[in-house]
Structures are given as structure tokens and as C-alpha cells.
Amino acid sequence: MDFNPERPIYLQIIDEIKKRIVRGDLKPSEKLPSQRELATIMSVNPNTVQRAYKELEDAKIAQTLRGQGTFISSTISLKELQNELASEALEEFLTQMSELGLSHGEIKELLVRSLQERTE
Amino acid sequence: MLLRVTNVSKSYFGKQALKNFTYELEYGKIIGLLGPNGSGKSTLLKSIAGLFPVDSGEVLINGQRVGTRTKSQVVYLPEVDPFNQNYKVVDIIRFYETCFKDFDLKKAEELLHELALDKNQVIGSFSKGMRARLKLVLALSRKAPLLLLDEPLSGIDPLSRDTIIKAIAREFNPEKQSIILSTHEVFESESLFDEVVLLEKGHIKWQGNIESLRENSSLKRLLEEVYL
Chain A
1236 MDFNPERPIY LQIIDEIKKR IVRGDLKPSE KLPSQRELAT IMSVNPNTVQ
1286 RAYKELEDAK IAQTLRGQGT FISSTISLKE LQNELASEAL EEFLTQMSEL
1336 GLSHGEIKEL LVRSLQERTE
Chain B
515 MLLRVTNVSK SYFGKQALKN FTYELEYGKI IGLLGPNGSG KSTLLKSIAG
565 LFPVDSGEVL INGQRVGTRT KSQVVYLPEV DPFNQNYKVV DIIRFYETCF
615 KDFDLKKAEE LLHELALDKN QVIGSFSKGM RARLKLVLAL SRKAPLLLLD
665 EPLSGIDPLS RDTIIKAIAR EFNPEKQSII LSTHEVFESE SLFDEVVLLE
715 KGHIKWQGNI ESLRENSSLK RLLEEVYL
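Chains A and B supply the protein sequences, listed in that same order.
Numbering follows my numbering, in which position 74 of the first sequence is assigned residue number 1309; successive positions increment by one, without gaps.
Numbering follows my numbering, in which position 121 of the second sequence is assigned residue number 635; successive positions increment by one, without gaps.
Just so you know, not all the hints are guaranteed correct.
Sample of chain B residues lacking proximity to chain A, with all beta carbon distances greater than 12 Å (derived) [what the hints assert, rightly or not]:
#1 Tyr-537
#2 Glu-538
#3 Lys-560
#4 Gly-564
#5 Asp-569
#6 Phe-609
#7 Val-636
#8 Ser-705
#9 Val-740
Each computed DSS-like pair below joins lysine-lysine, with the alpha-carbon atoms no more than 27 Å apart [as the list claims (entries may be wrong)]:
#10 B/Lys-533 x B/Lys-585
#11 B/Lys-543 x B/Lys-621
#12 B/Lys-719 x A/Lys-1289
#13 B/Lys-657 x B/Lys-529
#14 B/Lys-680 x B/Lys-560
#15 B/Lys-533 x B/Lys-715
#16 B/Lys-657 x B/Lys-620
#17 B/Lys-690 x B/Lys-543
#18 A/Lys-1289 x B/Lys-543
#19 B/Lys-715 x B/Lys-680
#20 A/Lys-1266 x B/Lys-680
#21 A/Lys-1295 x A/Lys-1262
#22 A/Lys-1289 x B/Lys-680
#23 A/Lys-1295 x A/Lys-1266
#24 B/Lys-680 x A/Lys-1254
#25 A/Lys-1253 x B/Lys-680
#26 B/Lys-620 x B/Lys-602
#27 B/Lys-585 x B/Lys-690
None of these hints come from the bench; they were simulated from the model.
Here a beta-carbon is modelled for each residue, glycine too, at the ideal position from N, C-alpha and C.
Assemble the whole structure, with the sequences as input and the hints as a guide.
The structure is reproduced here in C-alpha cells:
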């Protein structure tokens, strides 16, 4: 995985795991790789993975069972997670568009046109 | 405190390599030691490893002054290639096993396999990348609390580099260890670090947590600010 050098790596690991859950690559109750495994796969410091797992636990997205590992929560709402990721992406998109000096009306127009082109 | 360097100065050939250098390191961290050539990175690592006496100041490892007794607590991976070219890998492994009580033969064999090195091959026939990987196998096969890796990534092919970074990520034991890694390959290795220490002319220009840094800047920007 290539990391964005301007964003904490633990947040990027969290984003990646959330994305995989929303896409269905990781299922509720599924076991996550051990911290050491993920650190090796991603070539990152194990402390960084530990922090990402801790945050996922605090957000009730994952839970650690002592001696067994870390699992995706069984009660996780995919729709909620999808909405969360979507609004983050949208927020970023809107910020970039505003930085280009586009008005809300113009953004809307461009968006509608792009979507139409895609469906054609 | 695992490591305590207090007011250390060291010069050689009339050049001061470290000036009143003070630094502390606890357990559980991987430190990126960065800086241009001649900024004191190697001198610092060698002083901690006890390879030469310092002119003034003090280096303590787990409260003990650096000396014969601290050798068992420090692993030092040298930048230069220390091997007899006629030896086979297995000869060197055996030699290390007799030198260091904490050398784990099983771990060494496992690492040789993972880093794709043949233990019956003669060192003289090794590429640069293979030598770098062998040095790492030897360093990671010991159970010492402080690992000093002097330029483990320099001048080697990208594939060996990635293998080495992965091996460090996998073998690092935050409960019982800390690692100081000096490198010029800053961007290839930054994902390994908890903290970075930037040196210039024998003292620290900047030190801090790199994840916090990434919240509103980047290592690249920091290096530009500090060195340009």
C-alpha cells in the first residue's frame, strides 16, 4: 500500500480497513490480520498498526478478544460506514472545488454533466 | 530509560563530530536518524555501541556506562561490510553464535530463508543487496534491547530494500526493544519510524513524533525547512 506522506499512517490504515468492510472484502465478525502481520504486509511500524486497531475498537468497528485476535464487529452497520466514507469523500471534493473558485451552482452543473456522460 | 546520552562530545582528525550531544530513548520505539553526510549519525551510533571512547560526557544503556558489560545489550549493524570474503554464510552464523550469548540460531535460519539467502554460499559471491540482507539477519537474530542500524538500506536495489524494511517491521518487539536506524533513504523508510531525529554538524536540529508531524505537514516539508 502506498501512503500519502501528508496524512498520519494510522488514519490511512483505518480508512483502508473501513473501505474493505464497505466493499465486502472484510465481513462482520471476520478476523483481522494480527498486528505483526499487518505491519509486515504494509511495511509499517507495529506501533502504528496498534494505534489503528485501538481507534477501530474505540469506534466499535472492531473488537479484540483476549488471546484470539482482533475481529470486525458483528453488529457493524455497513450502511452507516458507507455514509461516513461517502461524506468524507464529498467533503474533500467540495473543498477542492471551492479552492478552484467554483460556485455551488457551477459545481452542481459540472457534477450533473459528468454523471450524465458516465451513464451515456 | 533504555538509552541516555548526556553532553557527549567527540572529535577526530581535528573535526568535531558530536558537540555536547544529549538524547534519551525509552523502550518500544523505532527512531529514524537523519541528516547529511558528516552530521554525526555514524559517530553517534558508534559511541553508543562503545566502538570508541567519547571525549567528554556520558552514554548510559539501562543505567550502565557503555563498556564491555553493555555489549550484550546493544546490536550494532555497521555501514561497512565486515565479512571475510572466503567464508560461507553458515561459517559467519556459527561465529556469531559463539560471540553472542543472545544469538538465536533458529531465528537466524528462519530469517535466512525469509530473506532468500543460501547458507552454503560464499560471501565473496554476494551482491550488495545480499550483503545488506545478511547483515540484517545477523542483527535481528540477537535478542538485545537496543538495535543500532547504520545505513542498512544504502546503495541496494529496491527489492532488497523493501525486504529489509518488512523484516524490521516484523521482527521489532516494542515491549523489549528500541531501534535507531540511520538512513539517507528517508522516504522509503519513513513508515517504519515512531520518531525522527534530524542531525546537523553534531547536534540535533529537530526531533519529534512523525505521525503527529503528518497531521499538518510532511517529512519532506520538514527536511526542506530544516536543511534548505
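How the hints compare with the structure:
1. Tyr-537: Nearest chain A Cβ is 19 Å from B/Tyr-537, so the label holds.
2. Glu-538: Label holds. Min Cβ-Cβ 18 Å, cutoff 12 Å.
3. Lys-560: holds (25 Å)
4. Gly-564: holds (27 Å)
5. Asp-569: Holds, since 34 Å exceeds 12 Å.
6. Phe-609: Holds, since 29 Å exceeds 12 Å.
7. Val-636: At about 30 Å from chain A, B/Val-636 clears the 12 Å cut-off, so the statement holds.
8. Ser-705: Contrary to the label, B/Ser-705 does not stay out of reach of chain A, its closest Cβ about 4 Å off (not over 12 Å).
9. Val-740: Given a closest Cβ separation of 16 Å, the condition holds.
10. B/Lys-533 x B/Lys-585: holds (24 Å)
11. B/Lys-543 x B/Lys-621: Given that 27 Å is the threshold and the Cα spacing comes to 21 Å, the pair holds.
12. B/Lys-719 x A/Lys-1289: Not satisfied, since the Cα-Cα distance of roughly 32 Å exceeds 27 Å.
13. B/Lys-657 x B/Lys-529: violated (35 Å)
14. B/Lys-680 x B/Lys-560: Roughly 25 Å separates the two Cα atoms, so the pair holds.
15. B/Lys-533 x B/Lys-715: Answer holds: B/Lys-533 to B/Lys-715 is near 8 Å, not above 27 Å.
16. B/Lys-657 x B/Lys-620: holds (12 Å)
17. B/Lys-690 x B/Lys-543: Judged against 27 Å, a Cα distance of about 10 Å means the pair holds.
18. A/Lys-1289 x B/Lys-543: holds (18 Å)
19. B/Lys-715 x B/Lys-680: violated (31 Å)
20. A/Lys-1266 x B/Lys-680: The hint holds at about 22 Å.
21. A/Lys-1295 x A/Lys-1262: OK: A/Lys-1295 and A/Lys-1262 at ~15 Å, within 27 Å.
22. A/Lys-1289 x B/Lys-680: It holds: about 22 Å lies between the C-alpha atoms, which stays within 27 Å.
23. A/Lys-1295 x A/Lys-1266: Holds: A/Lys-1295 and A/Lys-1266 sit about 15 Å apart, inside 27 Å.
24. B/Lys-680 x A/Lys-1254: holds (24 Å)
25. A/Lys-1253 x B/Lys-680: Holds - the C-alpha atoms of B/Lys-680 and A/Lys-1253 are around 24 Å apart, at most 27 Å.
26. B/Lys-620 x B/Lys-602: holds (18 Å)
27. B/Lys-585 x B/Lys-690: holds (16 Å)
The structure does not agree with the numbered hints 8, 12, 13 and 19 stated previously, though it agrees with the rest.
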